[in-house]
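S.K.: Sequence:
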Amino acid sequence: MKRIKNIITFVILTGLIFLGCQDDDNSIGNIIAPSNIVIDVEIVGVDSENPNGDGSGLVNLKVTADNVISYKFAYGDGISQIVPSGEITKRYTSVGLNTYNFVVSAIGTGGLSTTATVEIEVFSSFDDPEAKEFLTGGEGSSKTWYWAAAEPEHLGVGGIVDISPDSYWLPTFFAAQPFQFAANEASACFYEDEFTFSMDANGQVTYVYNNNGGTFFNVANQDIVGGSVGEDRCFEFDTSGTSIVSLFPSEQNLPEGQSTGTVMNLSNNNFMGYYVGASDYEILEISDNFLRVRVLDVGNPVLAWYHIFTTSPPSAGFDTVYNDLFFEDNFDVNGAPNPANWTYDLGNGTNGWGNNEVQNYTSSADNVIVEDGLLKITARKEGSTYTSTRLKSEGLFDFTYGRVEVRAKLPEGGGTWPAIWMLGADYQTNIWPACGEIDIMEHVGNNPNTVLGTLHYPGVSPGAGNSASTFVPNATTEFHNYTVEWRPDGIFFLVDDTLYHSFVNNASTPFNSDFFFILNIAMGGSLGGNIDPAFTSATMEIDYVRVYQ
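Residue numbers (the numbering used here): 1 to 549.
Simulated from the structure, these hints should not be mistaken for laboratory data. Be aware that one or more of the hints could be misleading.
Label-pair restraints from in silico Cβ distances [said to hold, decoys possible]:
1) ASN466 with GLY347: 27 to 37 Å
2) PRO84 with SER508: 54 to 64 Å
3) ASP514 with ASP238: 50 to 60 Å
4) ASP345 with PRO255: 50 to 60 Å
5) THR117 with VAL219: 38 to 48 Å
6) ASN474 with GLY241: 32 to 42 Å
7) PRO255 with GLY55: 18 to 28 Å
8) SER508 with GLU328: 30 to 40 Å
No farther apart than 25 Å at their CA atoms in a straight line, the calculated lysine-lysine pairs in the BS3-like style are these [what the hints assert, rightly or not]:
9) LYS72 with LYS62
10) LYS381 with LYS409
11) LYS392 with LYS376
12) LYS409 with LYS376
Beta carbons are placed, not taken as given, at the ideal position from N, Cα and C, and that holds for glycine.
Model the full assembly from the supplied sequences, consistent with the hints where possible.
M.R.: The structure is reproduced here in structure tokens:
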């Protein structure tokens with residue numbers, strides 16, 4: 001059957017005029033109220049069988065008037081907005097046949113306005129009761145969601161189909177590690193967000209975003225707060241108020257199983273915690289306590305951002321699967337380190353141990369000693385050279401899988417590079433990085449109190465590795481627990497039981513065979529950087545090394 005458009009034209013010669021109390025301003029010319037308002041209403045999909053539309057709820061609205069500068073549209077569903085052009089396509093989402101009072105305010109010079117009202121009767125058939133139920137907890141209920149900070153990819157970005165045809169439904173450009181933004185002051189507000197969805201007895205869903213004072217803004221979308229500072233960061237921002245949530249079908253055509261097919265719009269230009277200028281969130285996956293959405297970047301529309309939320313407030317707690325103590329050295333016998341557990345790398349290696357380091361490793365008590373229940377490794381300036389110690393368990397203790405805990409206080413000073421790490425035991429025949437490397441803790445004295453956890457393996461840049469960092473405010477003055485939980489299916493990095501980096505392990509990686517420990521302080525080199533001319537000595541103190549399986 002031939003489809004026709006239902007076009008209703010209303011001409012309002014006079015309206016209600018609202019005058020502000022003000023003096024005439026010659027700079028804006030004559031103050032004249034807008035007049036001759038014409039409203040065209042086109043309900044999409046009208047035909048003889050569907051007199052109120054095709055069920056999409058779409059209505060094309062066009063308003064003209066004389067002496068007008070802009071328009072404010074109040075759609076009759078609780079949503080209003082400024083529409084400078086006077087033209088917009090509106091989607092009404094309340095299910096069924098509904099009548100709305102559409103109110104236009106034509107705004108003229110000096111703030112003078114004229115209003116006009118028409119009734120729009122439109123049919124909408126789209127609904128997603130399951131999504132509403134999961135979002136809110138049901139009619140008469142509210143549910144608060146939080147960032148799923150412990151989940152990999154809780155914030156991510158990928159490309160749309162035009163630039164990522166093989167993976168446009170995945171965050172292939174960037175995927176956040178667990179609690180990645182917790183340690184940086186610039187992003188510290190991120191995990192404080194609260195997102196509350198409510199549903200009334202009529203099935204209307206509303207949304208409130210409590211950012212506790214600060215919102216994390218994308219670097220390219222910071223105009224709303226006065227321009228970019230060159231990085232993603234938190235800004236003070238008012239997110240108070242309630243938004244109406246409208247649901248409509250997705251037009252993104254993601255592969256089957258990758259989306260629920262439902263998009264939710266948050267009125268009043270509201271958003272969900274990471275500002276990219278958009279208010280339409282496609283629901284990819286939803287359950288009673290898990291929500292994953294996708295939103296297109298308004299400032300750069302070839303990018304799709306991915307968010308994961310949960311109904312539990314962010315908590316960096318971590319549940320280990322290894323609880324049986326398998327190895328420990330508590331360094332409780334004064335003198336040299338226990339020779340049953342530890343041996344040494346000596347000298348300067350090849351090319352400064354491959355990293356242009358300048359220290360010479362020794363087994364001297366000046367550089368390594370056990371006393372007062374602590375292992376003490378000391379880097380020293382010796383004239384124009386530097387000495388230190390590189391202690392290792394190679395040939396004495398190695399293992400596959402387990403939870404490693406090392407309690408340590410780190411040295412300070414520009415140029416120091418302490419490390420607590422593990423190397424694949426087959427490194428002599430399976431040349432690095434094929435043998436694999438697990439850096440439990442690295443610290444750079446030139447960037448104090450920032451701790452790195454890194455994996456090196458084939459397929460990633462050997463220099464950069466797969467790395468994340470966390471801020472430990474007093475790493476050089478107090479002891480902290482540096483932990484790696486190494487499993488067949490994952491490797492997890494923690495400081496004081498707070499997870500900050502994770503890695504998906506599988507049979508294709510080198511992290512499925514024996515590794516041994518290395519404890520050392522390097523000086524300078526590719527990561528340590530410039531050595532402070534005033535440096536004399538610095539000590540890493542280790543309380544214990546433990547392995548649980």
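S.K.: All the hints need checking, so say for each whether the structure fits it.
M.R.: Comparing the hints with the structure gives:
Between ASN466 and GLY347 the Cβ separation comes to about 30 Å, which falls inside the hinted range of 27 to 37 Å. Checked against the hint of 54 to 64 Å, the pair PRO84 and SER508 passes, with Cβ atoms roughly 55 Å apart. Range check, ASP514 to ASP238: about 56 Å between beta-carbon atoms, so the 50 to 60 Å window is met. Take ASP345 and PRO255: their Cβ atoms lie about 51 Å apart, and the range 50 to 60 Å holds.
The hinted window of 38 to 48 Å between THR117 and VAL219 holds, with their beta carbons roughly 43 Å apart. At about 40 Å, the beta-carbon gap between ASN474 and GLY241 stays in the expected band of 32 to 42 Å. For the pair PRO255 and GLY55, the beta carbons lie near 25 Å from each other, so the given range of 18 to 28 Å is met. Between SER508 and GLU328 the beta carbon distance is about 32 Å. The supplied range of 30 to 40 Å therefore holds.
Taken as a hint, the LYS72 and LYS62 pair is honoured in the structure, with Cα atoms around 12 Å apart against an allowance of 25 Å. A C-alpha spacing of about 20 Å is found between LYS381 and LYS409, which places the hinted pair at or below 25 Å, so the restraint holds. At most 25 Å may separate the alpha-carbon atoms for a hinted pair to count; LYS392 and LYS376 meet this at roughly 14 Å. Restraint check: the Cα-Cα separation between LYS409 and LYS376 comes to about 10 Å, which is no more than 25 Å; the hinted pair holds.
Going down the numbered hints, you'll see the structure goes against none, and every one checks out.
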